[in-house]
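Engineer: When we follow the numbering used here, the leftmost residue of the sequence shown carries the number 27, and every step to the right adds one.
No lab work stands behind these hints: they were computed from the structure.
Since the model is a prediction, treat every value here as computed from it, not as a measurement.
Careful: at least some of the hints might be erroneous.
[Stated by the list, open to error] EDC-like cross-link-like pairs, simulated, lysine to aspartate or glutamate; straight-line CA separation at most 20 Å:
(1) K193 with E162
(2) K155 with E93
(3) K155 with D191
(4) K155 with E181
(5) K155 with D189
(6) K193 with E134
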Amino acid sequence: RGRRRRRGWNGSCGGGEGDGAHESGRGAGSGSRAERYQVVVHTDAATLAERGETGRSELDGVRVSAETSRRMACDAARVAMGHRDGEVVSVGRRTRTIPPHIRRALEERDRGCRYPGCASRFTEAHHVKHWADGGETSLANTILLCRRHHRLVHEGGTRMAVDRDGKAAFFTREGAVLGGSPPLPEVAGKLPEPPLERPTRDV
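Could you put together the complete structure from these sequences and hints?
Structural biologist: Below is the structure:
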C-alpha cells in the first residue's frame, strides 16, 4: 500500500459494540466506551474534498464510494501522506476525531439518534457540514445518528439541515421533508460547558 503514487489519506475509523457505534444516553458521560477498532481506507484527497467527487477510495483493495469515505471520515483519526515515486514523503498529525469533551456534551444533548422516529442509542457522530467542506468539529456542527441513518444521509441521498436552536430536519433527494427530529430532551440543570478550546479544524 505504501507504494501507491498519489496523495491520499490513511483513515482509522472508531467503533464497537458489534455495529461499530457508541451507546448514547443517560449516564453516557460516565466515561464508559465501547472498545474501538481500526479500519484503514486509502482515498484520494479529491474524494473527500467535494461531495459527489468520483475519486479513488479503497478498503482492503476493494473500491468504495466517495460518500462511504466521507461517512467513515466523520469521526476518525486520519494521517495525511504525500507519495513521491512510491515513497512516503510526509506524515501529518492525526486530525478530526471528535474530542472526548465534545462527544460527552453531544451524548448529553442528543440522547440518541436524531433521525425522525429512531430511538437507537447506538450512535455515530456526524458533521452537519463535513470537515472536508470547511466544517468545524464543534458541538454546534455535530449530531448523533445511528449507523443506518448515518449511511442514509451519506450514501442514501437523504439531506439534512440544523437550525440555530439545534432542531434537525431531513429531506429526500427530491427535497420533500421527511419530518423534523424529536425536540431536544429537557435536561435537569445546565449542560456542562466544554473546555474553552478552539474548534478542531484544519485549514
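Engineer: All the hints need checking, so say for each whether the structure fits it.
Structural biologist: Comparing the hints with the structure gives:
| no. | hint | in the structure |
| --- | --- | --- |
| 1 | K193 with E162 | 18 Å, holds |
| 2 | K155 with E93 | 14 Å, holds |
| 3 | K155 with D191 | 16 Å, holds |
| 4 | K155 with E181 | 15 Å, holds |
| 5 | K155 with D189 | 12 Å, holds |
| 6 | K193 with E134 | 15 Å, holds |
Violated hints are absent here; each numbered hint is respected by the structure.
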